[in-house]
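S.K.: Knowing the structure of chain A, use the given hints to seat chain B on it.
Chains as they are written, first to last, in numbering that gives the first Met the number 0: chain A, 0 to 550; chain B, 0 to 418.
Heads up, some of the hints might be wrong.
Unchecked claim - Selected chain B positions facing chain A (in silico; Cβ < 8 Å):
id, residue
1, Ala95
2, Asn134
3, Ala232
4, Arg233
5, Arg235
6, Pro296
Calculated from the structure, these hints are not laboratory results. All C-beta atoms, glycine included, are put in the ideal place defined by N, C-alpha and C.
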Amino acid sequence: MSAPARLRIVGGAVHDPANGVDGDVRDVCIEDGRIVASVPSGTPTLDARGMVVMPGGVDIHAHFASSSCNHARRLLPEEHTADPVRAPAILDGEGPARSGTGGTLPTTFATGYRYAGLGYTTAFDAAVAPLTARHTHAELDDTPVLDAGCFALMGNDEYLLRQIAAGERGRASDYVAWLLGAAGAYAVKVVNPGGIEAWKSGQRNLTEIDQPLGGTRVTPRAILETLADAANGLRLPHPIHIHCNSLGQAGNSTTTLATMQALAGRRAHFTHLQFHCYGGGAGAPWSSAASTVIEHVNAHPEHSVDVGQVMFGPATTVTADGPVEYLLYSTSGRKWVNIDIELETGCGIVPYTYKEKAAVATLQWAIGLELFLLAKDPWRVVLSTDHPNGGSFLAYPALIQLLMDRSARDEQLKRANPKLLAGGAIADGLAREYSLNEIAIVTRAGPARLLGLAQKGHLGVGADADVTVYARDADIARMFSSPRYVLKAGRLVVEEGQLRRAPRGRRLHVRPGFDDAALRDVRRHFDAYSTVAFDNYAVGDVPDDPVRIGP
Amino acid sequence: MTAGAAGRAVCLGCGCACDDIAITVSGGRIAGAVNACSLGLAWYGDGSVPARVTVGGVPAARDAAIRRAAELIADGPAMVYLAPDITTEAQREAIAIADRTGARLDSVTSDTAAAGILVGQRRGRAAATLGEFRNRADLLVFWAVDPGTRYPRYLSRYALNASATHIPAAGRTVVAVDVGAARGPAEATARIGLAPGDEAAALGLMRAAVLGREVPGLPPALAAATDLARQMARARYVGLVHDGETGPEPVDPQRAEGLVGLAQALNGPTRCALSSLRAGGNRSGADAAMTWQTGFPFAVDFGPGFPRYRPEEPASAALRDIARVLIVGAANGVPPAVAAALAGRRVAVIGPRASQASFSVEVAIDTGVAGIHEAGIVYRMDDVPLPVLQIIPGPPPTVTVLRSVAAMVGTRPAKAGGR
Chain A
0 MSAPARLRIV
10 GGAVHDPANG
20 VDGDVRDVCI
30 EDGRIVASVP
40 SGTPTLDARG
50 MVVMPGGVDI
60 HAHFASSSCN
70 HARRLLPEEH
80 TADPVRAPAI
90 LDGEGPARSG
100 TGGTLPTTFA
110 TGYRYAGLGY
120 TTAFDAAVAP
130 LTARHTHAEL
140 DDTPVLDAGC
150 FALMGNDEYL
160 LRQIAAGERG
170 RASDYVAWLL
180 GAAGAYAVKV
190 VNPGGIEAWK
200 SGQRNLTEID
210 QPLGGTRVTP
220 RAILETLADA
230 ANGLRLPHPI
240 HIHCNSLGQA
250 GNSTTTLATM
260 QALAGRRAHF
270 THLQFHCYGG
280 GAGAPWSSAA
290 STVIEHVNAH
300 PEHSVDVGQV
310 MFGPATTVTA
320 DGPVEYLLYS
330 TSGRKWVNID
340 IELETGCGIV
350 PYTYKEKAAV
360 ATLQWAIGLE
370 LFLLAKDPWR
380 VVLSTDHPNG
390 GSFLAYPALI
400 QLLMDRSARD
410 EQLKRANPKL
420 LAGGAIADGL
430 AREYSLNEIA
440 IVTRAGPARL
450 LGLAQKGHLG
460 VGADADVTVY
470 ARDADIARMF
480 SSPRYVLKAG
490 RLVVEEGQLR
500 RAPRGRRLHV
510 RPGFDDAALR
520 DVRRHFDAYS
530 TVAFDNYAVG
540 DVPDDPVRIG
550 P
Chain B
0 MTAGAAGRAV
10 CLGCGCACDD
20 IAITVSGGRI
30 AGAVNACSLG
40 LAWYGDGSVP
50 ARVTVGGVPA
60 ARDAAIRRAA
70 ELIADGPAMV
80 YLAPDITTEA
90 QREAIAIADR
100 TGARLDSVTS
110 DTAAAGILVG
120 QRRGRAAATL
130 GEFRNRADLL
140 VFWAVDPGTR
150 YPRYLSRYAL
160 NASATHIPAA
170 GRTVVAVDVG
180 AARGPAEATA
190 RIGLAPGDEA
200 AALGLMRAAV
210 LGREVPGLPP
220 ALAAATDLAR
230 QMARARYVGL
240 VHDGETGPEP
250 VDPQRAEGLV
260 GLAQALNGPT
270 RCALSSLRAG
280 GNRSGADAAM
290 TWQTGFPFAV
300 DFGPGFPRYR
310 PEEPASAALR
320 DIARVLIVGA
330 ANGVPPAVAA
340 ALAGRRVAVI
350 GPRASQASFS
360 VEVAIDTGVA
370 GIHEAGIVYR
380 MDDVPLPVLQ
390 IIPGPPPTVT
400 VLRSVAAMVG
410 TRPAKAGGR
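Bound conformation, chain A alone (with noise of 0.2 Å):
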């Protein structure tokens, strides 16, 4: 089928939670890219009776086009033999056709093609070093299909800790604004804070919110309220988007709730949550936090989070959170990759596989999953495995199932480890199963409200038409994992299961206005201590307009 400019998807089960409706059989209407209420009869149809009809998919924390991705990618030829990708037979003239390889950290090309085979349609790169964003947006132009954008490292910039360290969070707010346009960027990220500049000035961590860096007045509290008020202020479509500090650690949750605590009033999104909720340490065993951390962000509406699942098989670890991952590289033995990045940052690598019949891995599989079940709010709990850290994106059919299935999660536990789970919900029976509607929201609906964007995740009039047609399936998995057709802007880009376009997708990223005169202190800055000069910093002109902030 050719691609019209006027489609009716005809005859399907819509799920459109933004709009209300749920499961309800009706006709969309798609012309020149976006939906609309009606089209002309005569218009082009593609039948999707029978067939369940969802917004495309939108990924709020992945890690797929970076410069430590691509360091990942370097120090995993052994996954990219074990996963070659053909080019796929895309018709004649759209797009190209490129092969590549798989494994944990897919090849951009094959990134952008596994992910529309999904039903996705955006995606977010969680965590891009601005020194480097420029690299970012070069992996970009070569993903094919995504709308996309990344997220801006902000919790351990050099500057930044000095502006804390002053008192000058007018100045920080500048620099906000002035460093998200400058990496092409869509919203504040924060690993760690002031984590990744204690590992690499000898200090090694900091475990606690109000724990000082070296001898300054900066704290991960000052460094958290600061970014959010900043992002808060310059109205960002999505607020500051936090990696809280202790990542991994047993015990960890005294210090997530600490951080949710310290923010509290605030917008605020913590991510992969799971990897934050860990009850124990000081001698005590590893055990499940999810009830406690789960029961907070359902009682303050102003926070939201990303789930982190865990599922087993093999994963790649690959953060900015340098000290965690020096753990990680201790305790596993497997190889290990440190960057230490001037003035902004840092991150890490380490291959890692999550095996069922691990006690820690079990408990972290498990965690994730009381996450998800105990949520009040699914709008604001959304589904991310943290790719690759948890599992690979192309995991999101087998969670799917889990959320939707308890007879799968009864399977599975079977399996697992059970040697950590007494006394966490899971192992008490949850039996809530996630509805269609609830996946909608929690895969597509959710994401796009929570990053502010106004037109994904829904199917309403004026909406992107993105949108994803998945054919019935006894076998939940197999059915989110095989879309029967992919629309992106309008365009059939996956036919019968088989992807047949190609088509570049959009960037997103803001741009938000700054007082001019605070980046006469940001120059003395760079030409004090960097060694890109403050011209070549920039990464100049971004494709597609900036979206739009403000209320």
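M.R.: Below, chain B without anything else, positioned relative to chain A:
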């Protein structure tokens, strides 16, 4: 007329990619390059490059040469070879051509810098961008390398710059480890000497010392090495520097393995980063682009219909079985071993000074030099991407010529089992 007057031009004379070069232009030629070192001045020259197009050594129309190059590469078995001095945009386009035609794809890296990358793939690495060496390293150890020779501004810009965020200017200690004739910099305040045959043992003993395992009764040179290891473990941030490129002196193949292991071990008692010096011309960009498009940094075979890694066979060896080669980049930047292996092959060159290649060329299409005639992205030796500007006009851009070639090559069906 002055271009880059604010001092933001990027020099690709070596992998330092100094981006503080102020270029002056007069009469369409480069008249000055303030801040450039001797290598940089030689790299810039006056910016003049030929703008010829030849087929069989005879001047030809550009379209005809492009068609001939496309036919040459499409008739495989072929290799697309990334030579220096092109932007990453051009590298990406060249990789696409290799993918579409099922060619072998390689770069300068496989014959000059593969050893360190392969160790990194086996073990990982502890590294940093260059600014961290400048801002944090209170102890710099130069292992069998004096950057002043092939990376002239490395010391002043990245190691010993007086302005640093975390250490005072006088707070640095510089140690040279001389291995045979390969000596460290004169700026070193201390140095130890190792015989080449002792190098691997020294690195192993140093790592053991860092891990707290002492070996008594060592000969003086090895004892000095373990003393240095203990000194490194007491430092706050160690910058360990070696040459990632092959040089005039033969290198123990275990050197890279030993240095990577030592740097990683030092991150137990303190912090340490290993700096692997790389040559210029945007070589690191080729590694990066190949990695994100294929999963591998060099030595890729698209013959099976997907990227297959052949790291055991550098370009100079792979050319034994390949009759057709498209070189993209500076012809004078092709390593001697590869240039020698081109004998008897049908070769097309699209790049700076293609028409002046020292080897026999069937098709030559001169293009401009990245950062002189062509704008785009290049990579510093530490994988930091930088923008380059067009300073003076030149021949049609490399990426434009490559797109024309790409438009002419069809997609070759994959062959079972590769070549």
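S.K.: For each hint, tell me whether it holds in the structure or not.
M.R.: Hint by hint, here is what the structure shows:
no. : hint   : in the structure
1   : Ala95  : holds, 7 Å
2   : Asn134 : holds, 6 Å
3   : Ala232 : violated, 12 Å
4   : Arg233 : violated, 11 Å
5   : Arg235 : holds, 5 Å
6   : Pro296 : holds, 6 Å
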